[in-house]
Each structure stands twice: as C-alpha cells, then as structure tokens.
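Asker: Sequence:
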Amino acid sequence: MSRQEKIVEIVSEHKKIEVNELSKKLEVSKVTIRKDLDKLESRGILHRVHGYAVLNSEDDLNYRLAINYELKRKIAKEAAMEVEDNETVLIESGSTCALLAEELAFNRKNVTIITNSSFIAGYVRNSESVNVILLGGEYQKKSQVNIGVLTELAINQFYVDKLFIGIDGVDEKRGFTSVDLRRSETARMMAEQAENVIILTDSSKFDAKGTVTEFQFSEVTKVYTDSGIRMEDKHFLNHHHIQVITV
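Position one of the sequence shown corresponds to residue 816 (the working numbering), numbered consecutively onward.
Hints listed in this document are in silico derivations from the structure and should not be mistaken for laboratory results. Possibly wrong hints are sitting among the right ones.
Unchecked claim - Capping the alpha-carbon separation at 16 Å, the derived lysine to aspartate or glutamate pairs in EDC-like fashion look like this:
hint	residue 1	residue 2
1	Lys977	Glu897
2	Lys924	Glu897
3	Lys977	Glu893
4	Lys1049	Asp986
5	Lys840	Glu828
6	Lys1024	Asp1048
7	Lys1024	Asp986
Said to hold, decoys possible - Per label pair, the in silico range of CB-to-CB distance:
hint	residue 1	residue 2	range
8	Asn835	Asn946	41 to 47 Å
9	Val864	Glu1000	35 to 41 Å
10	His1056	Glu1007	16 to 22 Å
11	Glu1007	Val843	46 to 52 Å
12	Glu899	Thr847	32 to 38 Å
13	Asp1022	Arg818	28 to 34 Å
14	Leu841	Asn941	22 to 28 Å
15	Met896	Gln1008	20 to 26 Å
16	Asn925	Val846	36 to 42 Å
17	Asp1022	Val1062	17 to 23 Å
18	Asn941	Ser817	15 to 21 Å
Every residue gets a Cβ at the ideal spot worked out from N, C-alpha and C, and that includes glycine.
Whole structure, please, built from the sequences with the hints as guidance.
Answerer: So, in structure tokens, the structure goes:
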C-alpha cells in the first residue's frame, strides 16, 4: 500500500484528522504529508482545511471514491487487465469504474472510453493517451451522469466488446440492482450496445438490495470483486454462468 493510499484509509476511518497526527502515524514529515494531501486534493478525493485533512461530503462522488479506496483500486487494476491498447470500451459511472478509467487512461495506449459520466471524463482529463467520448443527455447533478432519450440516441451509435459498470446491490431473486430507476434504464441501454457486461463491485454490495432490478444474472458475463465475497455468493454466480474474479 502506498503512503497516499494509507492516508486515504486513515482519513476514511476518522473523517477528519490533523496533519500533525497523520505525520506521526505514518512517520514522515508534515511537509511530506502536505505534499501527499495536495496530490489527493487535486484528484478530488480529500480536501484540507485549517491544518486538517477532511473527506468530502457523503453526497459527493469523491467521498464514495475515498471509502474503501485501496480495495476499489485493486478491483479496478485487476479489471483493467481485460482491456488492450487501442481498444474502445463503455464505462458507466461509479467510484470503482472511475478508478478503472484512471488505470486505463494512464497505463494503456490510445484507449477510447465512451461514458455517460462527466465525473469520469473529468477524472482522466490529464491523460494525454486516452480518448474520451462523453455521451450527452439530461444531466443528473448528484451522480454526475447523463441519462434519458438523448443519451440513448448517442449510445446507439456505438457497439463495443465490453461495458464496465457498478451496482448498488444483489438480490438472488431479482438480479443485480440499483437505487435509481432512470439511471438504471440508461445503464441497460448501454448494455445493449456491448457484447459483455462486466460488473465491478466490492463485496459489501452483496449485502445490499437496491429498489430497481438493473440486470438479470443471465445478462452479466463477469464480476470483479474482493475476497470478502461469501463462498455461497460466489457459487451462486458461478451457477448462473458468471465468472467471478476476486482480489
């Protein structure tokens, strides 16, 4: 684990912590901590205020990015192995998907990311090797994604091998679930334009049940998650011909 990852983990636990305390915990100078915090702040993960490091608002995507950051980053790095240089992929919104986009943008050559997430488009804006196609539509402020009829019209111009997407929960009777009906409808439109639907999620989502069914189990090819997934959940997905990759 890098020092910056340790900082994110510590701040996620405390919500707000003094720079001096971080310096003591990590046994480095306050100058070094401040430089790390500057880099994390520039990525929107944390912010500094009056000698403290603070997580962003819980409604902010950057806040969700900071929660279980190291775990999500490992999932994203593993999922990135699916993508070759010069490939075009669809990526829906979500914190782990944003980390996947970052991995592709800075560690692949000439990858094209098609996304309805303005957050993801902004998150990888400093990469010179990635091409980003931002799908238009009705803008959802909270999730920072575009949805609706205009988004569907834009999606229909493309067909790719892989769609990467996050979820809000899993229900053995209903499938993979979401908490947002309209965003879920757009995600399904995106899935129709991809050969394979690949889910990125931490294992905690297997204990959650969203209000909206997003995908039936038969519609999903693979799930990337962490080793915290229960064996019975993994066997259940395997029974439905879904490959489960854990980190």
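Asker: Take the hints in turn and mark each one as holding or not.
Answerer: Hint by hint, here is what the structure shows:
{"no.": "1", "hint": "Lys977 x Glu897", "in the structure": "holds, 9 Å"}
{"no.": "2", "hint": "Lys924 x Glu897", "in the structure": "holds, 14 Å"}
{"no.": "3", "hint": "Lys977 x Glu893", "in the structure": "holds, 15 Å"}
{"no.": "4", "hint": "Lys1049 x Asp986", "in the structure": "holds, 13 Å"}
{"no.": "5", "hint": "Lys840 x Glu828", "in the structure": "holds, 13 Å"}
{"no.": "6", "hint": "Lys1024 x Asp1048", "in the structure": "holds, 14 Å"}
{"no.": "7", "hint": "Lys1024 x Asp986", "in the structure": "holds, 6 Å"}
{"no.": "8", "hint": "Asn835 x Asn946: 41 to 47 Å", "in the structure": "holds, 43 Å"}
{"no.": "9", "hint": "Val864 x Glu1000: 35 to 41 Å", "in the structure": "holds, 39 Å"}
{"no.": "10", "hint": "His1056 x Glu1007: 16 to 22 Å", "in the structure": "holds, 19 Å"}
{"no.": "11", "hint": "Glu1007 x Val843: 46 to 52 Å", "in the structure": "holds, 50 Å"}
{"no.": "12", "hint": "Glu899 x Thr847: 32 to 38 Å", "in the structure": "holds, 37 Å"}
{"no.": "13", "hint": "Asp1022 x Arg818: 28 to 34 Å", "in the structure": "holds, 31 Å"}
{"no.": "14", "hint": "Leu841 x Asn941: 22 to 28 Å", "in the structure": "holds, 26 Å"}
{"no.": "15", "hint": "Met896 x Gln1008: 20 to 26 Å", "in the structure": "holds, 22 Å"}
{"no.": "16", "hint": "Asn925 x Val846: 36 to 42 Å", "in the structure": "holds, 38 Å"}
{"no.": "17", "hint": "Asp1022 x Val1062: 17 to 23 Å", "in the structure": "holds, 18 Å"}
{"no.": "18", "hint": "Asn941 x Ser817: 15 to 21 Å", "in the structure": "holds, 19 Å"}
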